[in-house]
Amino acid sequence: MKVICIIPSFNEEKTIKGVINRASQYCDSIIVVNDGSQDETNREAKNAGATVANHLINLGTGAALSTGLKIAIREKADIVVTMDGDGQHDPNDIPMLLRYLIEDKVDIVLGSRFLGNIKSMPFYKKIGNRFLSIITSMRCGKKITDSQCGFRAYSAKVFKSIIHDSTDYTWASEFLIRVISSDYKWIEVPIKTIYPKKRIKGTGLIDGIKIFMKMILYKS
Amino acid sequence: MDFIIEPYGIVAAALAAFFFFFTIRQYIKGKIRIHIFVFWEILWIILFLTGIFPSIYMSIVKYLGMATPIHFVTTFSIIFLFIFIFMIYQKINELEKKIVEIVQYLAISESENENKE
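Going down the list, the sequences are from chains A and B. Be aware that the first sequence starts at 1, since it is given in my numbering, and climbs by one per residue. Be aware that the second sequence starts at 1001, since it is given in my numbering, and climbs by one per residue.
Treat the hints loosely; a few may be bogus.
The calculated lysine to aspartate or glutamate pairs, modelled on EDC-like cross-linking and capped at a C-alpha distance of 20 Å, are [unchecked claim]:
no., chain 1, residue 1, chain 2, residue 2
1, A, Lys46, B, Glu1117
2, A, Lys126, A, Asp165
3, A, Lys214, B, Glu1096
4, A, Lys210, B, Glu1117
5, A, Lys214, A, Asp165
Quick look at which bits of chain A chain B covers, simulated, 3 or more residues with Cβ under 8 Å [what the hints assert, rightly or not]:
no., segment
6, 52–61
7, 112–122
Hints are computed from structural coordinates only; laboratory data are not their basis. Note that the Cβ used here is the ideal one computed from N, Cα and C, for glycine as well.
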């Protein structure tokens, strides 16, 4: 069973090597989608042994992930794991995601920061993520505790049949709506999250408003 | 025909005349396509005529129940601008999609070539 890990990255030269080295213990290959980084992310990822796809300009996390998924389809992956390149997700959680995917025979395993320990998550992020998860849950008709988490594992039939259109952070919610409306089996599992004190990236206020609007207006 | 020109009519006519020739220059330089050129030239001509001959639209102003010609000009300018912004927004959306497709295509092709090497 071929497991490919996709890591969308934008200016992650300091963390990408460590993430690749740790993730490669559990995956057959690593695809880093360098989303128009201005630093040495490309070189660091290549040195760490990952397959790197370079976006000439920054398109957004959603676009980087769909590029990675297209490459994973070409590479004939059976399972795809997606995670962030900034070290927020712990690669040691990958075996757990894979176990749920294989043993529980679900089609998609969603990592949830809110089912785990969220002490290190900044307060405004807790509020924002909770709010977006509630909106996404209402839109999907199923309870989802963390709609914005990018740490997920997908079976081949999911990522071959569903590729999101969103290029920015709205991809996470759009993908969930598509998965749930397609009757795929899914499960949420607790994951560890590490928020570095100095450098916090991710969904901001504008992204939150965009996701909110998308959830209201999106037609599945 | 009424030849009494109001101050804003002179400004409108002058701007229309300036952009009429500016648009011709842009077309000669090959910077705009024929249908865009024709569209804008018609618009500048209409603006020029309404500036010089306000009586052209006075009857429309009265028919629509507007107090002054300036109401007519501003109302229709805003409506036109909204339509135009919508069209530009649509065009930008299309271009964004194409840019995403091109950038993704190049990234995927490059990684495929590196794999072969």
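Going through the earlier hints one by one, which of them does the structure break, listed in rising order? Per hint list: 2, 4 and 7 violated.
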